[in-house]
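K.L.:
Sequence:
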Amino acid sequence: IAPLYPPMAKGKGTSSSICGIVLSLFSFSQIVTIVNTPYLITKFGRKKLFLISTIIQSVFTFIYGFLDLFNGFSFYFFSFINRIGHGLGCGVLNVISYSLTSLLNEGDELKEAMGYMELAFSAGTTIGPLIVSVFYYIGGYRLPFIVCGLINCIGIWSVFHIPFPEFLRIFLIVEIFSK
Numbered sequence: 269i270a271p272l273y274p275p276m277a278k279g280k281g282t283s284s285s286i287c288g289i290v291l292s293l294f295s296f297s298q299i300v301t302i303v304n305t306p307y308l309i310t311k312f313g314r315k316k317l318f319l320i321s322t323i324i325q326s327v328f329t330f331i332y333g334f335l336d337l338f339n340g341f342s343f344y345f346f347s348f349i350n351r352i353g354h355g356l357g358c359g360v361l362n363v364i365s366y367s368l369t370s371l372l373n374e375g376d377e378l379k380e381a382m383g384y385m386e387l388a389f390s391a392g393t394t395i396g397p398l399i400v401s402v403f404y405y406i407g408g409y410r411l412p413f414i415v416c417g418l419i420n421c422i423g424i425w426s427v428f429h430i431p432f433p434e435f436l437r438i439f440l441i442v443e444i445f446s447k
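If you read the sequence shown in my numbering, its first letter stands for residue 269, the second for the next number, and so on.
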């Protein structure tokens, strides 16, 4: 998002300062959410929060690709709302993912699962921009967001519909949904 949003926003007359504020709203809303997630877990439960936060994150990722349709105040308004909503969904999802992993694994298995989660995060952070750049080159501003939103939706669907072998249990939280 960081490499794609500023050029599009600057084309709409947005200053670098406003671009920076919009991009930083994601991290700020994640911090606010992470602090409050334990309360939300107690109130709603891990399963519901995982599903809700994944859906929120997917929807806001998808919608982000259509910000270029707006101009003026509506562009700024939807940019701000989108980054805040996306950060809220991702913040809860991060905490829930670690919480579910620690709930499903123990001992050496937990260490291995946490290591794989960190590997997946690092790989996504490293390889993600390359993949997004390819989609941007192929289809312009919207395509990377549409593809990422759809991949998230497929991930939600797969949790409920694809049987996973036992040896993948340390990688997936599917087991929690089968109970």
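Source of the hints: derived by calculation from the structure; they are not laboratory data. Keep in mind that a hint or two might mislead.
What the hints assert, rightly or not - So the derived label-pair ranges between C-beta atoms look like this:
#1 I302 <-> I323: 30 to 36 Å
#2 L387 <-> G407: 26 to 32 Å
#3 G340 <-> I299: 41 to 47 Å
#4 P275 <-> I414: 15 to 21 Å
#5 S284 <-> Y366: 16 to 22 Å
#6 G375 <-> K278: 49 to 55 Å
#7 D376 <-> I419: 39 to 45 Å
#8 I331 <-> K278: 31 to 37 Å
#9 I414 <-> K278: 31 to 37 Å
Said to hold, decoys possible - The calculated lysine-lysine pairs, modelled on DSSO-like cross-linking and capped at a C-alpha distance of 30 Å, are:
#10 K280 <-> K379
#11 K278 <-> K379
#12 K311 <-> K379
Ideal Cβ positions, reconstructed from N, Cα and C, are used throughout, including at glycine.
K.L.:
Each hint should be assessed against the structure and marked as holding or not.
P.N.:
Evaluated hints:
I302 and I323 have their C-beta atoms about 19 Å apart, which leaves the hinted 30 to 36 Å range violated. Separated by about 29 Å at the C-beta atoms, L387 and G407 satisfy the suggested range of 26 to 32 Å. Between G340 and I299 the Cβ separation comes to about 30 Å, which falls outside the hinted range of 41 to 47 Å. A hinted range of 15 to 21 Å holds for the C-beta pair P275 and I414, which are about 18 Å apart.
Between S284 and Y366 the C-beta distance comes to about 34 Å, which lies outside the given range of 16 to 22 Å. Restraint check, G375 to K278: a C-beta distance of roughly 51 Å satisfies the suggested window 49 to 55 Å. Checked against the hint of 39 to 45 Å, the pair D376 and I419 fails, with Cβ atoms roughly 31 Å apart. Range check, I331 to K278: Cβ separation about 20 Å, and the 31 to 37 Å hint is violated.
A hinted range of 31 to 37 Å is violated for the C-beta pair I414 and K278, which are about 22 Å apart. A threshold of 30 Å between alpha carbons decides the hint, and for K280 with K379 the separation of about 47 Å lies outside it, so the pair is violated. Restraint check for K278 and K379: not satisfied, since their Cα atoms lie roughly 45 Å apart, outside the 30 Å limit. A hinted pair counts as satisfied when its Cα atoms are at most 30 Å apart, and K311 with K379 qualifies at roughly 28 Å.
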